Amino acid sequence: MEIDYLATVLLSSLSSASILLIATIGLAVVFGLMGVINLAHGEFLMIGAYTALTTTQWGVPYALSIPIAVVVTMTIGATVEILIISRLYGRLFDTMLATWGLSIAFYQLAVLIFGTVTPGIGMPRYSLRIGDYSLAGYPLLMIAVAALMALFVYALMTRTAYGRKARAAIQVPEMAQAIGIDSSRVNTLTFAIGCGLAGFAGAVLLPIVPATPSMGFAFVIKAFLTVVVAGPVTLTGSVLAAIGLGGGASITASFLTSVAGDAFFFLITALLLWLFPMGISATWRRKM
Amino acid sequence: MFRIVNATGGYGKTVIIRDVSLHVDAGEAVALLGRNGVGKSTLMRFATGLIPAGSGHVEIDSVRAPVSPSRRAKLGLGYVPQGRFVFPRMTVIENIAVAAEANGHNGSEAVDATMADFPMLKPKASDLAGGLSGGQQQVLALARALAVQPRILLLDEPTEGVQPSIIDEIAGVLKRINRDRGIAILVAEQDLDFCLSIATRAYVMEKGAIRLETDRDRLKADKQLQQELLGV
Amino acid sequence: MTFSEKLYRSAGLVFPIVVTVAALGAAGVIDPYLAYVATSWIIFGLLGLSLDIVWGRGGLLSLGQTAFYGLGGYFGSVVAINLGPVTGNTLIWSLPAGAFFGALCAAALGWIIFFARMGPLQSTILSYTLTLLLWSLTQSFQLDVGTASIGGDNGLSNIPGMVLGFGEKAETLGPVAVFVATILIAAMVYLLTRALMTSTFGRVVDCIRIDAQKAELLGYDVRLYQVANFAYAGAVAGLAGALFGAWANYLNPSIFSVQEALLVPIYVLVGGLGTLAGAFVGAIAIGGLSYWLGGGAVGGQTTLILGIALIFLVLFLKNGILGAVGDLWRRSLPDANAAARDADAVAIDPEVLEGLLKDAALQAGPAKSLATRDAFKRFGGVVPVNNVSRIFEPGRPSSLIGPNGAGKSSYLKTCVGIYTPEAGSILLADDDDITRAPIFQRVRRGMGVKNQKPQVFGALTVFDNLWTAAYARTRNKTGATEISEKVMGMLGFTNQAAVQASVLSHGQQQWLDIGMVLCLAPRVILLDEPAAGMTSEETRELSSLVRILARYTTVIVVEHDMEFVRTLEGHVTVLHQGEVFAEGDIDGLRANDRVLDIYLGRRAHV
Chain A
-18 MEIDYLATVL LSSLSSASIL LIATIGLAVV FGLMGVINLA HGEFLMIGAY
32 TALTTTQWGV PYALSIPIAV VVTMTIGATV EILIISRLYG RLFDTMLATW
82 GLSIAFYQLA VLIFGTVTPG IGMPRYSLRI GDYSLAGYPL LMIAVAALMA
132 LFVYALMTRT AYGRKARAAI QVPEMAQAIG IDSSRVNTLT FAIGCGLAGF
182 AGAVLLPIVP ATPSMGFAFV IKAFLTVVVA GPVTLTGSVL AAIGLGGGAS
232 ITASFLTSVA GDAFFFLITA LLLWLFPMGI SATWRRKM
Chain B
400 MFRIVNATGG YGKTVIIRDV SLHVDAGEAV ALLGRNGVGK STLMRFATGL
450 IPAGSGHVEI DSVRAPVSPS RRAKLGLGYV PQGRFVFPRM TVIENIAVAA
500 EANGHNGSEA VDATMADFPM LKPKASDLAG GLSGGQQQVL ALARALAVQP
550 RILLLDEPTE GVQPSIIDEI AGVLKRINRD RGIAILVAEQ DLDFCLSIAT
600 RAYVMEKGAI RLETDRDRLK ADKQLQQELL GV
Chain C
2 MTFSEKLYRS AGLVFPIVVT VAALGAAGVI DPYLAYVATS WIIFGLLGLS
52 LDIVWGRGGL LSLGQTAFYG LGGYFGSVVA INLGPVTGNT LIWSLPAGAF
102 FGALCAAALG WIIFFARMGP LQSTILSYTL TLLLWSLTQS FQLDVGTASI
152 GGDNGLSNIP GMVLGFGEKA ETLGPVAVFV ATILIAAMVY LLTRALMTST
202 FGRVVDCIRI DAQKAELLGY DVRLYQVANF AYAGAVAGLA GALFGAWANY
252 LNPSIFSVQE ALLVPIYVLV GGLGTLAGAF VGAIAIGGLS YWLGGGAVGG
302 QTTLILGIAL IFLVLFLKNG ILGAVGDLWR RSLPDANAAA RDADAVAIDP
352 EVLEGLLKDA ALQAGPAKSL ATRDAFKRFG GVVPVNNVSR IFEPGRPSSL
402 IGPNGAGKSS YLKTCVGIYT PEAGSILLAD DDDITRAPIF QRVRRGMGVK
452 NQKPQVFGAL TVFDNLWTAA YARTRNKTGA TEISEKVMGM LGFTNQAAVQ
502 ASVLSHGQQQ WLDIGMVLCL APRVILLDEP AAGMTSEETR ELSSLVRILA
552 RYTTVIVVEH DMEFVRTLEG HVTVLHQGEV FAEGDIDGLR ANDRVLDIYL
602 GRRAHV
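These protein sequence lines map, in sequence, to chains A, B and C. FYI, the numbering for the first sequence is -18 to 269, going by our numbering. FYI, the numbering for the second sequence is 400 to 631, going by our numbering. FYI, the numbering for the third sequence is 2 to 607, going by our numbering.
For the record, the hints were derived by calculation from the structure and aren't laboratory data. Mixed in with the good hints there might be a few duds.
With a cut-off of at most 25 Å between alpha-carbon atoms, the simulated BS3-like pairs for lysine-lysine come out as follows [said to hold, decoys possible]:
{"id": "1", "chain 1": "B", "residue 1": "574", "chain 2": "B", "residue 2": "473"}
{"id": "2", "chain 1": "B", "residue 1": "619", "chain 2": "B", "residue 2": "574"}
{"id": "3", "chain 1": "C", "residue 1": "359", "chain 2": "C", "residue 2": "487"}
{"id": "4", "chain 1": "B", "residue 1": "606", "chain 2": "C", "residue 2": "454"}
{"id": "5", "chain 1": "B", "residue 1": "521", "chain 2": "A", "residue 2": "268"}
{"id": "6", "chain 1": "A", "residue 1": "268", "chain 2": "B", "residue 2": "523"}
{"id": "7", "chain 1": "C", "residue 1": "359", "chain 2": "C", "residue 2": "478"}
{"id": "8", "chain 1": "B", "residue 1": "606", "chain 2": "B", "residue 2": "619"}
{"id": "9", "chain 1": "B", "residue 1": "622", "chain 2": "B", "residue 2": "606"}
Note that this is a predicted model, so its numbers are computed, not measured.
When you get a sec, could you build the whole thing from the sequences and use the hints?
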């Protein structure tokens, strides 16, 4: 029975870590490939969730509502990049403040449009049994979703011409231009992809995390810390940071209290930043 | 086919080059000589569009070149910067492919062509560029510029910090592409032998301006001029 | 000087006093409810001020100011609850306690951030993490201290209001009196902060923000100043928190919330970053706006307007309200930098220079040698310093030459401490091992460094640049003034004393940088390509300066220009591919075919 309990805790912690990773990847892409911290990332997640919710309410099947959410968030993301972000390149803290302004504006718009309470959609009912314990199936499915997302982003960034251009543009911006890369177009696309990934996350997590205007805040903070702890090799770094921080916090929470879990997350973040002032991947030699 | 006309520019308010004009004809190889700090690199960056022009402009095929560096590259301007600046967290293959793809060429064809031109890159093909030695990075930077399929190639101090055997190899490749493919070359250098082995004509810069224009034979013969110009 | 100029210079003093007096006058007539609400704006202004000290002056965007604010608030209030009844007066307990605790917590966090030398983004995030950590911890944190009871998310209630009188009969102030008291406290804190920021301490903090490396190369322990500045800002935030507790009579964990933390930068940005007074302008503008628009359960449209306003501020009004007003005003004033244009050519007077150097030797002791033993440094696949062993001594200049990429600058940076070698050791004066010493320690033990690019504090005047350097060594204001005036006179900058260093030409900045090194009275001087970008006339002056310097100190010059090196008439070391290639005097080396080969790129002999 002890083994069963342990297995249950480990699986559910891995699923929490995966949920954190799903919510983080879009932010990691934007930070890793543009050097921009998008504080409105959580609100893109929220927009994705509301898009999926609204379209399912109109009768669209849930599975189809996810790509719609991606398209909507990508479009908004591209617009935001052209209107605001593109004017602020190289000004890290200014982009942080501007996207924070955007975040509270989006939040307030959501309050105006949807109100503060919205109905959730039911979680698909299937579950997994380990001994005497039962785990809901959908959160476990998120482990696979997170892995697929990470693989997708890795393939996108290393196997496509766009991905190579985007990586070149962040590594040596001047030379990227000098060999013919139109950085502004690449950046617009990168930001849109980051927002699209957030939209996907919001939609795919909808059965677990109901859409509310403030859902972004809850996610973005941990996502944001994960990315900063990860450092310059964003994707691999974020995966490891999400598993370590998110999984560790979840394990702590299941043995102690949820507050202890949060405290664990923040304390380990502080410790890692102290030990690795430029992020854990600062000296790694990897592509992504 | 390539001209710099009345170039004036620098960084911020500091003007480094003043009213510099030069030209490189189709298929010609020209050297830009001068001591450290006379403004050679600044002139190169002016030519690529990486520093804003105070005044003056660049012409490619008698047409005024656009402001954006990436559009200049598409018009056939290749650039090997001082300090190499390869993309460190990308492999050798990716460094070359991305340069080809950014200009609408096929990436894998470019990689194959490069490996034929530079056999020394072959064993390193899948390594990250940041881990290569200085000389290998220099060769990669040259290969990357060639993947753009340029008609004029600008090289800024390609021998800096590179061991002699690789310098010879680079010189050989440059001579070959100049002769066989008709790619024009403008090379800024302090290494006189290197320049004389490639270029037929030279400009000498001093204090941000062109001091004189000369040809290979005259420069080779005039030891006095050599010493004076290079501050040896 | 015109009246407008005088007023502009003391604007940070005159206008806040005028506004304070006006607000005190208005207190008698305004609606008590408005006075009550406006009190909170002033408290937020204090909180904003604490961020402006850290961000606008110190250069670190801290999102932890609300943490110190909340911690100071809780601590000050707990003390006031317990000890207030003893004296009657509550503020004499809560304010010092809040400020003390805020400073203590800020010092602890600052120590981690600055001594680990974190990057700017990581520092911001770590400060934010602290706030978030407190937010989640305080939700369930319960503790009884005497009669005070901290009850998790129920908060801390029964915080006594402001009582100024003493004894049992002292009464809690009414809203208008609280308003008046808060204004007076805020004005005092502001004036104290302004005095601190215009003092030498503030000058050094400014220098660190502009160029931390140069500040360290002057011998300032940058980290200590940063921590002290951070702790002071923490004290201001803690004091504001204690005031807030007394105003609200209640505190709960929402004080640590994300929304609170991110409001503070908005106050500062709206008012004007780095202006100190701007924090109050911003807090009052935003508080007033919210009051005007009226906040309902979900905040009405205030949040939406704030969000959009923030985007517009960042995009279009980077300097905030006070910054924009200041810019407009400055345009109407005569240009203090006009004198930069008619600077004389530099002419070194050997007698003045020797006088300076003799004084320096009296104060700082004899010249010191510098030696490296098997110094080794690598970057990835490149080895710019490969087992270099050399000893440099006073008497005549030592030059390091070599073609581009030979490792000259890297070797110099290894000696200075900008790079830490992987192997080998560096010795000062034969027996003082400085291989692991931080840069400022090396400078204090007698090393003076001028890097390749001129490093001057652009926003400071020419005189202040030199003075800051001289003060780093003398720690004495009159002494520093004396030395910097002498150096300024020698460099021919007397008429440009009040010119901002940023408007000087490249060559002039090189001289100013050299002047700053001279102000340090160094016993070993390292110059990296000092002649770069100088005219031939200036190069001649530089050559005579270096030769005179070498009679009194050890001088090491990294140069590319063989002609300049020849005029130095010193010992020359040739570096090639990170190793010592040849050495001797210049004429011998010029006759050496192997040296000519690597310089001219001839490969016959290599």
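**Index of numbered hints that the structure contradicts, given in increasing order** = Hint check: nothing fails, all pass.
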